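Asker: The whole structure should be built from the sequences, with the hints applied where relevant.
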Amino acid sequence: MARIAIIGAAGYVGLNLSRVLKEEGNEVIGIAHSNGKFLLSPFGIRCEEPEDVNKVKDVDAVINLAYPTAEEPLKNKMKNMEILSMIKYFAGQNARVYHVSSQAVFGFEFDYPIVCGPIKYRQDHTYIEAKIQLENLLESSIAGKNELHIVRLGNVWGPGSNTWTTPVINKIYLGEPVGVIGKDGYCNLTDVQNVASYLSFLIKHPHGNTVNYHHLAEMSELRWSHWLSLISEVLKREIVLMDNYTSDSGTLWTEIKRQAKVLSPVAIVKGFTHERYAGALLRSIFARTPNFLVQPMRRQNKPHNFMPLYQGRQEDKMFLGLMSCGTRFESVVNPKWKPVVDEKLSWNAILKWMEYAGFVD
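According to our numbering, the residues represented by the sequence shown are -10 to 350, in order.
Derived by calculation from the structure, the hints in this document are not laboratory data.
Keep in mind that a hint or two might mislead.
Only pairs whose alpha carbons sit at most 30 Å apart, straight line, appear in this in silico DSS-like list of lysine-lysine [to be verified]:
#1 K306 <-> K327
#2 K306 <-> K66
#3 K11 <-> K68
#4 K77 <-> K11
#5 K134 <-> K64
#6 K109 <-> K44
#7 K64 <-> K44
#8 K11 <-> K333
#9 K68 <-> K46
#10 K44 <-> K225
#11 K11 <-> K46
#12 K134 <-> K44
#13 K193 <-> K333
#14 K64 <-> K306
#15 K68 <-> K306
#16 K77 <-> K44
#17 K64 <-> K11
#18 K44 <-> K26
#19 K109 <-> K306
#20 K77 <-> K66
#21 K225 <-> K11
#22 K134 <-> K193
#23 K306 <-> K225
#24 K341 <-> K26
#25 K225 <-> K341
Pairwise CB distance ranges (calculated) [claimed, not checked]:
#26 G197 <-> E38: 31 to 39 Å
#27 L163 <-> Y110: 35 to 43 Å
#28 G14 <-> E40: 24 to 32 Å
As the structure is a prediction and not an experimental result, all values here were calculated from the model.
Even for Gly, the Cβ is constructed at its ideal location relative to N, Cα and C.
Answerer: Now the structure itself:
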């Protein structure tokens, strides 16, 4: 069995992956912040904080699940360099490198070509920029020296998933919009159990010092209506759909007009940082601006209604775009691997969790 370090082990995917790899007999070391020990200790997994990564030696493989968070987008490039430094530390021990990325590198609504290979860096939403940058940093730093796998995941689905399962269930329960009339999008899902299974498979089947790209979305052919119908039936709630929708794939001018509805100049600038094109431009400017000039804007409270559409919640715009996406993100995986969970088993696990969480009487 292998000795495996997992960077970002305390997240949803990380906890499930750590447990599976441990149960398979591997020695797993989690690299996570202070909450990591609490979350990983029930599985008997050692955990070290990123500052103490040099205490971990002689690993066979490193899996990176970490990425910069959106709270401080101006620091994303610096955070990526910190993550890269940890990965390179393990790569220096001749460890095989497995980096978990996202389908979002092609745009939240897939407005860039989907290719199972490297893509050029571009300005986009801060999350997308960070994901593309880290892929390219790994390609330039690791390629030719270590075995490198970049695994782009679809929408991660499973019991208690904080990015998909829980939000969708909550929205249906509360009667909030979960789609757009006439636009039944592809779900582009991968079950969290299959994520763990595929990464375990790759570790068990070394490829040599090559660069390998993978796309994992084994349930991508299903439409969102399939899952929404199952959930609404259990909750005994109607599915609410919007009759119109403004796509995020607009222009810089549409972003300017939207932010101009806000009266406060500081709030306008801060609102722009959450836009796709204007945000990328502003982050480039602020990254070169002395910190004492940027701090006053950071201290301003976030405007409550700078995004007037959909009850003032900016995330609804992105959510509805994903729910109505007409492009399928197809799996490109090793043909010898077979998913351990199909759609029926996936739903049974979610239903069991809904009962445990109190959604079902």
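Asker: It remains to establish, for every hint, whether it holds in the given structure.
Answerer: To see whether the hints hold, each was checked on the structure:
{"no.": "1", "hint": "K306 <-> K327", "result": "35 Å, violated"}
{"no.": "2", "hint": "K306 <-> K66", "result": "26 Å, holds"}
{"no.": "3", "hint": "K11 <-> K68", "result": "28 Å, holds"}
{"no.": "4", "hint": "K77 <-> K11", "result": "24 Å, holds"}
{"no.": "5", "hint": "K134 <-> K64", "result": "28 Å, holds"}
{"no.": "6", "hint": "K109 <-> K44", "result": "35 Å, violated"}
{"no.": "7", "hint": "K64 <-> K44", "result": "26 Å, holds"}
{"no.": "8", "hint": "K11 <-> K333", "result": "26 Å, holds"}
{"no.": "9", "hint": "K68 <-> K46", "result": "23 Å, holds"}
{"no.": "10", "hint": "K44 <-> K225", "result": "52 Å, violated"}
{"no.": "11", "hint": "K11 <-> K46", "result": "18 Å, holds"}
{"no.": "12", "hint": "K134 <-> K44", "result": "23 Å, holds"}
{"no.": "13", "hint": "K193 <-> K333", "result": "27 Å, holds"}
{"no.": "14", "hint": "K64 <-> K306", "result": "25 Å, holds"}
{"no.": "15", "hint": "K68 <-> K306", "result": "27 Å, holds"}
{"no.": "16", "hint": "K77 <-> K44", "result": "15 Å, holds"}
{"no.": "17", "hint": "K64 <-> K11", "result": "34 Å, violated"}
{"no.": "18", "hint": "K44 <-> K26", "result": "15 Å, holds"}
{"no.": "19", "hint": "K109 <-> K306", "result": "26 Å, holds"}
{"no.": "20", "hint": "K77 <-> K66", "result": "16 Å, holds"}
{"no.": "21", "hint": "K225 <-> K11", "result": "39 Å, violated"}
{"no.": "22", "hint": "K134 <-> K193", "result": "19 Å, holds"}
{"no.": "23", "hint": "K306 <-> K225", "result": "26 Å, holds"}
{"no.": "24", "hint": "K341 <-> K26", "result": "27 Å, holds"}
{"no.": "25", "hint": "K225 <-> K341", "result": "16 Å, holds"}
{"no.": "26", "hint": "G197 <-> E38: 31 to 39 Å", "result": "33 Å, holds"}
{"no.": "27", "hint": "L163 <-> Y110: 35 to 43 Å", "result": "38 Å, holds"}
{"no.": "28", "hint": "G14 <-> E40: 24 to 32 Å", "result": "29 Å, holds"}
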